[in-house]
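Residue numbers (our numbering), protein chains in the order written: chain D, 1 to 262; chain V, 1 to 262; chain Z, 1 to 309; chain S, 1 to 309.
The hints are simulated quantities; they were obtained by calculation from the structure and are not laboratory data. Because the structure is a prediction, the values reported are computed rather than measured. The C-beta atom is built at its ideal place from N, Cα and C for all residues, glycine as well. Don't take every hint at face value.
[What the hints assert, rightly or not] With a Cα cut of at most 20 Å, we get these calculated EDC-like pairs of lysine to aspartate or glutamate: (1) S/281 - Z/206; (2) Z/281 - D/259; (3) Z/138 - S/153; (4) V/84 - V/57.
[Said to hold, decoys possible] Just so you have them, the derived chain V footprint on chain S, three or more residues with Cβ under 8 Å: (5) 31–45; (6) 195–202.
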Amino acid sequence: MQNSGKIIFNRELAGKHYHLRLILEEPFLKPRPGQFFLIRLNDRLDPLLGRPFSVYDCHHQGRILDFVYRVVGRGTGLFSKLKKGGELSLLGPLGRPFNIFPEAKTLVLIGGGMGAAALNYLLKEYTKGPAGARSICYYLGAKTAGEIIGKAVIERRCQVMLTTDDGSKGRRGLITDLLEEDLESLAAQGAVFYACGPRGMLRRLFELISPYKVSCQVSLEERMACGLGACLGCAVEARGEDDLYRRVCCDGPVFEIGEIVW
Amino acid sequence: MQNSGKIIFNRELAGKHYHLRLILEEPFLKPRPGQFFLIRLNDRLDPLLGRPFSVYDCHHQGRILDFVYRVVGRGTGLFSKLKKGGELSLLGPLGRPFNIFPEAKTLVLIGGGMGAAALNYLLKEYTKGPAGARSICYYLGAKTAGEIIGKAVIERRCQVMLTTDDGSKGRRGLITDLLEEDLESLAAQGAVFYACGPRGMLRRLFELISPYKVSCQVSLEERMACGLGACLGCAVEARGEDDLYRRVCCDGPVFEIGEIVW
Amino acid sequence: MSIKPKTAVNIGGSLVIRNPVMTASGTFGYGREYSSLLDLNSLGALVVKGLSLHPRGGNRPPRIAETPAGMLNAIGLQNVGVKTFVAEKLPFLRGFDVPVIANIYGETLEEFEEVAGILNAAGGVSALEVNISCPNVKKGGLAFGAEPDTAREVTKVVRGTTNLPVIVKLSPNVSDITKIALAVEEGGADAVSLINTIKAMAVDVEKRIPLLGNTTGGLSGPAIRPVAVRMVWEVVRCVEVPVIGIGGIVSARDALEFLIVGARALQVGTANFLDPQSAVKIVSGIEDYLEKHSLNDIAELIGSLQIPE
Amino acid sequence: MSIKPKTAVNIGGSLVIRNPVMTASGTFGYGREYSSLLDLNSLGALVVKGLSLHPRGGNRPPRIAETPAGMLNAIGLQNVGVKTFVAEKLPFLRGFDVPVIANIYGETLEEFEEVAGILNAAGGVSALEVNISCPNVKKGGLAFGAEPDTAREVTKVVRGTTNLPVIVKLSPNVSDITKIALAVEEGGADAVSLINTIKAMAVDVEKRIPLLGNTTGGLSGPAIRPVAVRMVWEVVRCVEVPVIGIGGIVSARDALEFLIVGARALQVGTANFLDPQSAVKIVSGIEDYLEKHSLNDIAELIGSLQIPE
Ligand SMILES: Cc1cc2nc3c(=O)[nH]c(=O)nc-3n(C[C@H](O)[C@H](O)[C@H](O)COP(=O)(O)OP(=O)(O)OC[C@H]3O[C@@H](n4cnc5c(N)ncnc54)[C@H](O)[C@@H]3O)c2cc1C
Ligand SMILES: Cc1cc2nc3c(=O)[nH]c(=O)nc-3n(C[C@H](O)[C@H](O)[C@H](O)COP(=O)(O)OP(=O)(O)OC[C@H]3O[C@@H](n4cnc5c(N)ncnc54)[C@H](O)[C@@H]3O)c2cc1C
Ligand SMILES: Cc1cc2nc3c(=O)[nH]c(=O)nc-3n(C[C@H](O)[C@H](O)[C@H](O)COP(=O)(O)O)c2cc1C
Ligand SMILES: Cc1cc2nc3c(=O)[nH]c(=O)nc-3n(C[C@H](O)[C@H](O)[C@H](O)COP(=O)(O)O)c2cc1C
Ligand code: FES
Ligand code: FES
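Next up, chain D with everything else stripped away, as it sits in the complex (with noise of 0.2 Å):
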């Protein structure tokens, strides 16, 4: 699980966000989709901690990682100075996956903003195979439209409804608001959701589906130190019998969207 990765291209993307492609340099696991990495610069103790990042895209069985991230602080704004041959510490694929429903006939994505990342590989997983009687719809927002990560891509493998908060492209407004439109018909069609995005687009998606009956996960931010599970740094409070928390990193960071106190 623990790995160096050499840098194969960090390209610059739309507004603050880059596709980082990696080889792995060592024994390696194949990622699956909701999965993470820790990504830590090397010969530094400042930033001191691993970022983690979703899997995106992989090939050659995962020893080429793709990440897309948004520069948002210090360590993303490092990562994006980094250029082909550079190296990286690894850690992962890390944490608890999507739950595949291989029989699932409808099949609902929400992503807002970075959200993207993890269903990306979720989406190309669902795909591969011959694509049957399944629909899947995916339910991107973002703020403005040079946010948008990755949509051509998504267009080639399913159907996509867009919102973005200026209006810039797709419908003006949250991409929660076009969803609770569809949600109804979407849930008597037992359809299976998958959502990654700001908490709080998860919290209005547990308002609105909460009555529905149906699969909702999502996948959870939280800030981390181990990955692993040990130091208990990533908790999210969780609902449940014993009422203690749950830890993003290992117990997530995908969850039933019912496990988690919003």
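With the hints as your guide, set chains V, Z and S with the ligands onto chain D.
Structure of chains V, Z and S with the ligands alone, referenced to chain D:
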């Protein structure tokens, strides 16, 4: 005095020694031989402080600066990985330069290990005009043949006396032993002395040279924080009425050998 | 051909560990979490997450934050409780040949006593480390560790309950750590370990809220190492019992600082997060150093600091 | 067109400075050393190197050492002495329009009194900062700052000698900094500044000697910022007088942490070594932040930390 330097090259020389060439991006002052720069890695709080390096050579009135450094610790280790195009923060030129005696007929340069750096630029300044009747002897000591830096350039400019600790080049032994043999005659000629090197070498030089009434300037090294005389971190014990310390960064790094408590 | 230098050390109460490198409490879970990433048997010892009498939920998130060359944590001693530990976590560890040290915590003297008693009877625990230095809980923790009298008392109580070696873990958040060290030595501690985290705080300046749900937390990592080295240096010169150095160790070089000033052993904490192999790399780095410096036994290194006059 | 937000703050004893950013004692010499690198007039105030009655030679080298995101110093309060300061350093500073704060130090109460008296009479000094927190001198310094009683006493003595605002600079090397803060407030301090350096140590593992000639030194720089922020947070909630935050500030973001928890002003120390323009960059960074957050007066920012319940 504050500047940003872009790396033109950062070449490995023999045995953990590197040659770094920078071009300054802001207005600059031409450094004088013996002066140094505090050079800091950008975007890092670890290592925290700038590293002092003597000017090894300069071009275009000081717009292009050359440094030669040896990897000895974390900072220089990170320097050695820098690539063309990278940027460094510089403060300088700092410190009291070598006193130049334009009329001197005999010059003696004594360099041990990395000492070569500051003496190289001094030698260049002394030899840029017509040679005239001046004779220059360079006593150059190194641990081993592989650690002799810039010998070819030096030999073009003056006469070189060489020792290595292991005898792999030049005479086996310490450079101060070699100098000792010639010292009386050099002093009698009214030679002016310049020395850079490890403290042990300078201490021995002090013992040898004290009996003679000659000028012997030495360049000292001490850990530094501000480089400006403000923090009092770079103190060396000095002789003198008030018995206080001297600051290597601004009272030095060049001192008359007799000023210092060895 | 050189023989391998001896690295075994006695860390008090006749507990000898094969090398001086342990993993620090709270940074290594219950051992299992790291067991696929390194050979637990290559550690000197393994200290488990702080155990309390009853399971504890811990503090509200966010629980960690990064700071320059350091991190804050305010876990709040979340743990499964000592009974679940004995029933569910300890059996796994018994499968290894590595001393397990149980870090214990109580809100009252009675709780310390009860937890110590349960672990004493459990089998498979090699020593107790008494945490009187957690800055992140309201009761217990630092409340006991800030004053010599209460520190001595807790030590006595645990000492009276167990035959296991008792290590007392000290807090850096005091004016004079030697007073606390002397008090717990008097109280019967077989060893002292230091330092726990330094109480600290960081702010999200955009939202103008603390970065931690608990407002304050404990600072660990390389940033605190110079403070830890200084405190170990103060303590080794005033107590007789072995001192275990903790704080910001990420490399063998760092570990050597502690050994040279006089620590008998070390714990590696935050570094486990940066590289799960940290502890084992430090073990081999120490061995290399001993060989390079022709030291046959780590005992020759411990406390070998020279002060130039 | 937006009007420039107000950044002036009153740092006690009716001393109003134009912005909250000062340079910290010992890191900015006597001002002159940095005067060609930045406009001294753009600083809120300038605190000079600690002054004692007689010139002091300071500690033996090496005096500094680098640590992760921090540095150790053991200068030992080398200084020209208060009289030479008044005669030779102060005239230069009078040529600027920036409040000069004299950091003072004594080995005895009488020395503190005498130094304060000389500076009071000198003219051109806007306030005194009483250093009872230097970890690097044998007498005086921390000896006064470690206990509430002695801290109160020094403060009273200086208070009684001068009409200038009296700022007392507190040490982090104590169990409870609020006790010292309250004591000096009682003693008549117009403001408190914190923190001074944290006592620390580092070892040259190859030579097995301390990296500092003085064995131990004071840790400063980004590494200590979270400790400083926590202490400022503790102190602002228990004293009435203004609190000046110090410790590891290298950027406007860092400075904002202190202001948000409640510091009225700040001092920039080690950062001056990394970038001589640090202090002025921090001033403009704070202004930018105020504008961006539509705050018209820095007073709206100071102490605006929200604790989510
Ligand atoms: C399981 C998981 C998967 C993720 N996948 C992606 C992805 O594919 N693409 C992407 O752009 N981002 C992803 N994130 C978020 C990403 O980890 C943060 O944006 C990143 O850590 C920010 O680092 P920074 O140094 O730039 O920010 P800073 O704010 O300077 O970081 C300070 C500290 O907080 C932590 N932190 C800050 N924001 C977050 C966050 N949202 N989640 C977790 N830790 C955070 C950092 O890791 C660091 O320890 C993921 C997070 C998690 C938990
Ligand atoms: C005026 C002056 C000119 C110099 N010129 C050169 C030169 O031209 N080429 C060259 O290779 N070296 C030169 N040095 C020495 C060079 O500064 C150190 O080798 C370098 O700072 C080591 O940094 P490090 O991080 O690799 O070592 P580390 O040991 O990891 O450094 C730790 C700390 O100690 C300081 N330090 C360590 N060794 C020295 C030293 N010898 N002198 C001053 N500070 C030190 C570092 O700057 C840093 O703050 C000069 C030093 C001075 C004072
Ligand atoms: C996330 C985390 C959890 C911790 N939990 C405990 C604990 O339960 N009991 C304890 O005594 N110390 C605990 N500590 C303190 C460490 O054991 C150690 O003393 C401290 O982190 C300093 O060492 P380091 O700098 O190597 O991390 C914890 C530290 C961290 C970072
Ligand atoms: C080299 C150096 C010298 C110092 N000298 C003094 C001093 O004379 N008087 C004083 O009160 N504080 C002195 N300090 C402490 C600083 O003023 C400041 O409190 C401390 O460094 C923390 O701030 P920083 O992290 O921004 O440096 C000194 C600090 C350093 C680094
Ligand atoms: S990051 Fe350590 S338990 Fe999740
Ligand atoms: S380095 Fe600060 S005075 Fe010389």
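Consistency of the hints with the structure:
Distance restraint check for residue 281 of chain S and residue 206 of chain Z: the Cα-Cα separation of roughly 19 Å lies within the 20 Å cut-off, and the hinted pair is therefore satisfied. Of the pairs offered as hints, the one joining residue 281 of chain Z and residue 259 of chain D is violated, with about 39 Å between alpha carbons and a cut-off of 20 Å exceeded. Taken as a hint, the residue 138 of chain Z and residue 153 of chain S pair is broken in the structure, with Cα atoms around 33 Å apart against an allowance of 20 Å. Between residue 84 of chain V and residue 57 of chain V the alpha-carbon distance is near 18 Å, which keeps this suggested pair within the 20 Å criterion.
Requiring three or more residues with a Cβ within less than 8 Å of a Cβ of chain V, the coverage given for the segment 31–45 of chain S holds, as 4 such residues are present. Closer than 8 Å: that is the beta-carbon criterion, and the segment 195–202 of chain S has 0 residues meeting it against chain V, so the requirement of 3 is violated.
Hints 2, 3, 6 from the earlier list are contradicted by this structure; the remaining hints agree with it.
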